[in-house]
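Q: Single-letter residue listing:
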Amino acid sequence: MTLGLITAVFLAALAGLASRKLSNASAFISSLGILILGGLVLLHGGSVIVAHGIFYLSTLGGWFLIVLGVVATMSSWYRWGYPDHSRTTSFWLPIFLLSMTTVIVAGNAWVFLTAWETMTISSFFLVTTHHEKPGVLQSGYIYLVMSQLSAMFILAGFMAMGSQLHSFDFAIWAAHASMMPDSYKNLVFVLLGLGFGIKSGIVPFHIWLPRAHPVAPAPTSALMSGAMIKLGILGIIQFLLIDLGQTDRFWPLVVLAVGAVSALLGVLYALMEHDLKRLLAYHSIENIGIILLGVGVMGVGIDWQQPALTFLGLAASLFHTLNHAIFKSQLFLAAGAVEKHTGTLDADHLGGLIRTMPGIAVGFLAGSMAITALPPFNGFVSEWLTFRGLLTVASHSVFLMGIYGLGLAMALGLTGALAGVCFIKAFGTIFLGEPRKAVGHTAIPASMTLPVLSLGLLSLVLGIFPQPLLNLLGQVGLQSAAGHTDLGNLLASAKTVTVAAMLLAGTAIFAAFSRVWQIKTVPRWSCGRVPDASMQFTSASFTKAIRTTFALIYQPHRKLERLGQHAPDFADRLLYQGGTVPVWERHVYKPLYRWIWRVSRLSTRMQAGPIRLYLAYLLGTVGLMIAIIH
Amino acid sequence: MLWLVQFSGIAILFAGSPLLWGVTQSVKAHLQGRRGPSVWQMYRVIAKNWEKETTAPEFSSLLFRLSPSVSMAALSVVLIMIPLSGQAPQGWPSDLLSVFFLLALERFWVGLSGLDSAGTFGGLGASRTSTIGTGIEPALLATFGVLWKVSGAGAIEPVSASLKAVPTGVFALSLAAISFALIMLAELGRMPVDNPDTHLELTMIHEATILETNGRLLALSQFAMTLKLTVMIALGWVIFGPHSGSAWANLGLMLVELIGTSAALGWIESRFTKIRYFQLPTYLSIAAGIGMLAFALSSGGFNL
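Protein sequences, first through last, are from chains A and B. According to this note's numbering, the first sequence holds residues 4 to 633 in order. According to this note's numbering, the second sequence holds residues 2 to 305 in order.
I should point out that these hints are in silico values taken from the structure, not numbers from a laboratory. Treat the hints with care, as some may be off.
Below, a sample of chain A positions facing chain B; criterion: calculated Cβ distance under 10 angstroms [stated by the list, open to error]: (1) 114; (2) 116; (3) 117; (4) 428; (5) 432; (6) 547; (7) 552.
Derived DSS-like pairs: lysine-lysine, alpha-carbon spacing no greater than 30 angstroms straight-line [unchecked claim]: (8) B:49 - A:523; (9) B:165 - A:523; (10) A:24 - A:343.
A virtual CB, placed ideally from N, CA and C, is assigned to each residue, including glycine.
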């Protein structure tokens, strides 16, 4: 019934294309509907089959409905103030929301894949909303190609699963897939893992994320990064871990490795970006990697038949999924506000925005602290759980496996530290200091600031009181981990409430003692010269040491040209060019692209175009068939 | 009983942390053939700055003003979390991973306040501090892994007794302690990594972040610096050091260890030169490698 209600609202949204207000209101209400549906499913516990197997509501799905609902509600709230009047968004956004909801509640492979493809197409049109701008269509096509690749792998994986289980109902898969022979499990794991992984943006297939997210309007970026890429995680957890059950013990280790590589490379690439939205897109890759580390811990738990470890990994990955949805949509919405406020997203042109848009600045700071996993924000809790899972795996294994687990934990630690550098850089260059260039300051309506601040408050609350949500997760855990787990004190040793209280109280006491409100402002120290904005660090100079340390990954290059009549000695002008090499694009995708073109050009010899040739092919085929049948 | 020991330990260490700084400086001065300032000098410096008027650079925001308080709060929470007698009272918040994240919190705010001062030096310090942090955090996790292996749930507790039961445990223990000591020097900004006495812009790291700070904010920053010294040394000794049965004796031993280590820091500082900033990744990877070796040895053998 609730589903029907949501569908009705969506139809209203489509009908209300003409009126922007109507479309906004219906998107908001339907997002709330998704949130309520998710809550109902989780409170109900256990799975429900609706409408003869078309829909299948599991507690895991309920959790992802909540993830989607939170992001969608805030994005549609934000849209009230976001000056994007294009009808493209009004038309495709409800379809996008509906298709994501359907992917989560789909009851069989057909419904799932139809919704999955609808999701791809509608988000393609949302990404290319501003198709008149240069490069947007190209980014959109790259996204579309990668999504098709993902859908093909998923389709193949579902076919393999269906051919073995003689059914395409997810309820039947959930019950019987664990009995499949190992060879089939391996096949399904590869196909579905690749399919869902591409859609989530794991590292070799990540190139669409930093292209598609920046060109989309902010609410769309928030929805894609906060909710859509998480559906790949839903697929991996549901089909590969819960349904397949125990697989070859090699696979969880692969998931862990993919997670660690994605997390590290994602944050490393983010560090070199000075376009705020591209930076955030790379951080989505990083966070998908962190979620996959949790998923891998869960896989190891299933492999070892340890319900406690399984649940720990599940809780870590699912909680980080929700947390990432919250703080990443918060950061993307804040980035959209920065763009509307100043007209640019280039960190090297901005500065000092904390004075002109304090609300957004506070929201961005909260988001930065959450994504860097600092207490008392929610990212801290989920990374704490992930670390705990990884260190538990490491300390319960013998030699090589133990080193592997410890190496993963260290990779996660490095990722966290690098994310810290990246967000000091992003927040510091954009919101702090003196403006680097004169940019306009369009006023930001409260309806854009408030969603960002509410999301910040939500991440603070979840960081201090995570236990109720973890108890809700227990519902998911009880169903999948099969066995009673020690849910109550998963977080007991973290004592988030005590730590947060001590931190906040301590800061308040010391701030009161240092009389922060009485501080006088004086000119800054500039060694006796006239201070100006160019003496501040830029995003490139801030990360210089990282660029040289990880030179193997970045392959940095620079060129200094001396121009003028007597250039070698007395140059009139210096031309400096520096940058890093986009390794994957240059060494993987360019050759692949060229190869595909060569193959398709070869095929023109067969497909020259004249209709007689095609008739000859037809005749030949029929003749061959008759020959074979005889 | 344990509560009393813990509370008095926290009070003594909090109040006494500027003294440790003084001990280091005094030993350093003696080794360099100077008389040097008294061991109480840091108290006088902090008191002097506390009385001065506080100013902030133009373009700075509330973050610059709050940053020393956040550092103090984070480091105080770390101090509270360490079971100073080797044994935490029942229900005491003593969690290893939280310590890890609290140190990151402190570094994050120091970095932000550096950029908030809108000058060159702040950005310089922020960039260097946070870059060194990227080497410290993974290396710290390697030694924490050894502790995790023993305690199993991430509480801060002594590992020496349990490790000695394992055949290769003594090696594991000493390697983990060496790794932790190397990381501690980097985290504290002491000699092979950073010279705390320098004011030369080419080399300073921590000083650069607080160059624009003065008055009460500077006093808090300096106190936070000494508190970090105390906290890191105490953490190292609690985890890897020897312990006896009695809680009070352990606390007394801790005080001796703190003063001894500060004196040793003074010695290290006079004996070693600062390594190049761009070679720090090598230094920190060596620390991480030693930590991983310690972790491998702590499982007691090489059974694959």
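Q: Taking only the CA atoms, is the gap from residue 24 of chain A to residue 343 of chain A under or equal to 30 angstroms?
A: holds, 20 angstroms
Q: Taken at face value, is the distance from the CA of residue 523 of chain A to the CA of residue 165 of chain B at most 30 angstroms?
A: violated, 57 angstroms
Q: Can the restraint linking residue 49 of chain B and residue 523 of chain A be considered satisfied, given a maximum Cα separation of 30 angstroms?
A: holds, 18 angstroms
Q: Return the status of the interface hint for residue 552 of chain A: holds when the least beta-carbon distance to chain B is below 10 angstroms, violated otherwise.
A: holds, 5 angstroms
Q: Does the CB of residue 116 of chain A sit less than 10 angstroms away from some CB of chain B?
A: violated, 41 angstroms
Q: Is the shortest C-beta separation between residue 547 of chain A and chain B less than 10 angstroms?
A: It holds, given that the least Cβ distance between residue 547 of chain A and chain B is near 7 angstroms, below 10 angstroms.
Q: Against chain B, run the beta carbon of residue 428 of chain A and see if the smallest gap drops under 10 angstroms.
A: With a minimum Cβ separation of about 8 angstroms from chain B (threshold 10 angstroms), the hint on residue 428 of chain A holds.
Q: Quick check on residue 117 of chain A please, does its C-beta sit within 10 angstroms of some C-beta on chain B?
A: At 43 angstroms from the nearest chain B Cβ, residue 117 of chain A fails the 10 angstroms test, so the hint is violated.
Q: Is the shortest C-beta separation between residue 114 of chain A and chain B less than 10 angstroms?
A: violated, 42 angstroms
Q: Is the interface hint for residue 432 of chain A satisfied, with its Cβ closer than 10 angstroms to some Cβ of chain B?
A: holds, 7 angstroms
Checked against the numbered hints listed earlier, the structure breaks hints 1, 2, 3 and 9; every other hint is satisfied.
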